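Colleague: Chain by chain, the residues:
Protein chains: 2
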Amino acid sequence: MQKGDAAYIKNLNKQLVLNCIRNFEPISRSQISKRIQISKPSVSLIVEQLLEEGWIEEKGPGESTISGGRKPVHLVFNPKAAYVIGVDIGGTKVASGVTCLNGKVQAYREFSTSDYLSKDLFKRLQKDVSSMLDDLQLSNSDILGMGIGVPGVTNVEQGLVLDAPSLKWKRYPVRKIASEYFSFPVYVENDVNTSVLGEQWLGAGKSLQNIIFIAVGTGIGSGMIINGKLFRGSNFSAGEMGYLVTDYENAKSYHPTYEGYGFLESVASGSSIGHKISAVKNQPVTAKEAFTLWKKGDESAQKVIEEAVEQLGFGIANYVSLFDPDLVIIGGGVSESFDDYKASLIEIVEHFTPQSCKIVRSTFGKEAGIVGAVALFLEEHDSIIQL
Amino acid sequence: MQKGDAAYIKNLNKQLVLNCIRNFEPISRSQISKRIQISKPSVSLIVEQLLEEGWIEEKGPGESTISGGRKPVHLVFNPKAAYVIGVDIGGTKVASGVTCLNGKVQAYREFSTSDYLSKDLFKRLQKDVSSMLDDLQLSNSDILGMGIGVPGVTNVEQGLVLDAPSLKWKRYPVRKIASEYFSFPVYVENDVNTSVLGEQWLGAGKSLQNIIFIAVGTGIGSGMIINGKLFRGSNFSAGEMGYLVTDYENAKSYHPTYEGYGFLESVASGSSIGHKISAVKNQPVTAKEAFTLWKKGDESAQKVIEEAVEQLGFGIANYVSLFDPDLVIIGGGVSESFDDYKASLIEIVEHFTPQSCKIVRSTFGKEAGIVGAVALFLEEHDSIIQL
DNA sequence: CCTTAGTTAGTTAAAGTCCCTTACTAACGA
DNA sequence: TCGTTAGTAAGGGACTTTAACTAACTAAGG
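Same order as they appear, the protein sequences are chains U and L.
So the first sequence is numbered by full-length UniProt numbering: it starts at 1 and just counts up by one.
So the second sequence is numbered by full-length UniProt numbering: it starts at 1 and just counts up by one.
Be aware that a few hints might be false.
Some chain U residues flagged as far from chain L (calculated, every beta-carbon gap over 12 angstroms) [claimed, not checked]:
#, residue
1, A6
2, Q137
3, H351
When the alpha-carbon atoms are kept at most 30 angstroms apart in a straight line, the in silico DSBU-like pairs for lysine-lysine are as follows [unchecked claim]:
#, chain 1, residue 1, chain 2, residue 2
4, L, K40, U, K252
5, L, K358, U, K229
6, L, K358, U, K281
7, U, K10, L, K3
8, U, K303, U, K342
9, L, K358, U, K14
10, L, K252, U, K295
11, U, K14, L, K40
Label pairs and their in silico Cβ distance ranges [as the list claims (entries may be wrong)]:
#, chain 1, residue 1, chain 2, residue 2, range
12, U, S44, L, Q2, 19 to 27 angstroms
13, L, S356, U, P41, 14 to 22 angstroms
14, U, S166, L, V76, 40 to 48 angstroms
15, U, Q2, L, S356, 42 to 50 angstroms
16, U, I36, L, N227, 48 to 56 angstroms
17, L, A6, U, E350, 39 to 47 angstroms
18, L, E53, U, S44, 54 to 62 angstroms
19, U, E350, L, K10, 33 to 41 angstroms
20, L, K342, U, S278, 36 to 44 angstroms
21, L, N227, U, Q106, 56 to 64 angstroms
22, L, E157, U, Q2, 19 to 27 angstroms
23, U, P41, L, S67, 14 to 22 angstroms
Hint data in this document are derived by calculation from the structure and do not stem from the laboratory.
No experiment lies behind these values; they were computed from the predicted model shown.
The beta carbon of each residue, even a glycine, is placed where N, CA and C say it ideally should be.
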């Protein structure tokens, strides 16, 4: 529990005022005072400090009310007061970007993961970051910090990637290594978790309290916002949706430990769809191609995909039954064809859950990883700017 | 967000001191100061107030350290400073009890639900409560408030039972009705949720952050503590474990909306075990009798129970995969035979989850409902005494 | 046994920080 | 000029803290 002293309440109220401005700009000192129930003199004092520190700006006078009176001074948030760097380390590429405090991406870079995986990955990243800062004419002191999304189980407190198969990282001390290249604080987190944070901040889940984000691609992973906060589980491995069991008969003969994948991802992931159709066709077919075949009326593709969607639907239904979320967001490679199977997916979920729940597709494009990583930084870092 | 002022920090620090005493008693003013990092004068002042208000007591001198010095004055929590009433409204009986602040039940009463369900249930409850208070020589002012556990979906904020089939309550305004009979504050919550709160407070899940409580009886329900707090979901219906789907083939022909039960409870609950064996034996058999038959070597009982345990195991595995909890607690009628199927249950869960997780049986006996309801009150009510 | 130095517990007094209330000035419409 | 609203100044209250105190105890030495 937190101890209360003067500094603590000062900070509390300062954040309260700043958040009020962020959410209701433009707004006057007087209105802030009314809204957050802090006396006018206190608000004025805090506003003065925020102005001095550059977090907010005065923006011309507002309009008097109908009954007359002095015009209020409009205050607005200054999203360029500082910047945050978001990094998405994926299996194929490492994308990085600089965003302002509103999450707008100001600069973007990427490089191939495999070229630098064995060595100098962070050195290369440092190069990209320097180049972006140069472009934007920013210095290190303008940067609050960096968030990094990684495809694996991560201990965010220690900045340690516990296991990321696609990068071949095991107990890899990312924060420690990154601190050798960057002077600002760095936070690392599983990429599905950063995704759901991004969606909560600026995407489909804006200001919702309970959100599930499901990434269906090579495997199936998920992240969740619970009671407004990211939930990580007791061992940082909550949301392992790929391990769900939805088939009593087949599961019995199934051995996750041998096969290296969970049950659900062995029947409903993008790669499983690819494998199954490849087996039928006796030639390599990717999941993307499978969806194209399906649309063209290919029967074997239809069968495989329909079963995959059905199993995925069961998995989502289970998730929803347990969590009762406001929203389920589908992301990952297989979400590209979301519109094609959306209807049947929703039907299955509705059928097996006590309460209905919206299911939508992820909103972001290639910037998803960046925005999520930035959201992670803002969520974790103890600054006046909070998610 | 909370606004900070003098009263707020005072209250914060007061709670901090009181909790410190509750957790580490006996403890001296000086030690408190060191532990919670509040200056000695402040601690002394707060302690003086807590003594005056009766929450704590001085208890003789402690021992000096090896290096000499004045003996510390030991402070201890006074669990009899106030009392809380816990009520468990079940399908068969309404149990009520008075506990002290440590959760020890000081008095207990019960009456048959069916006798009073149609009318005067709360009037009857009031009688039991008065009688208990008389026995304990307590007055209304000694009672902080009342918690009530109910077998149904409940909106705790409004004190409204949304749907409790076994009581035939729909949108039943329990708090409003209770307020006509009791002068202290009343909180209502689903009984599985009160159970998990009770387990977190004084049971198997003491001081753990992520706990799942599963009640297997007539149906299958569950409650969960997430990040240390009870999670209710967006529509107060999180934890509907009975609706999990674990069987691809059978689920397809299954229609929860028609059958009134979820899929998992149709194959793994106590009543489903009873039904299935009754069908085989062509005579009514209860779940309890089924377990007895099983132990005696009855083959059909074995088959039915083993399948039920298997399905339940799948359900728990799914739960664990998604939540990554510290602990799973099994309660409800079917948990009485827990030791008989514990091994196979654990084996299944281990097999299908990425991370292993302890599974134990619920700790409480008939007082479970009372303690849980009291825990609910303490969790919800904004008093200096917090869960 | 008595004395004294060293140590720890708890209190007193003064000062700092934050907030609030009250009363003010500033600015505007009618 | 009056009524109204925005924002500021001054004084006071409620916390906290630091620094210095008193109280109470152990242990060692004469």
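Colleague: Find the hints from earlier in the document that the structure breaks and name them by number, from lowest to highest.
Modeller: Result: hints 1, 3, 4, 6, 9, 13, 14, 15, 16, 17, 18, 19, 21 and 23 break, sorted rising.
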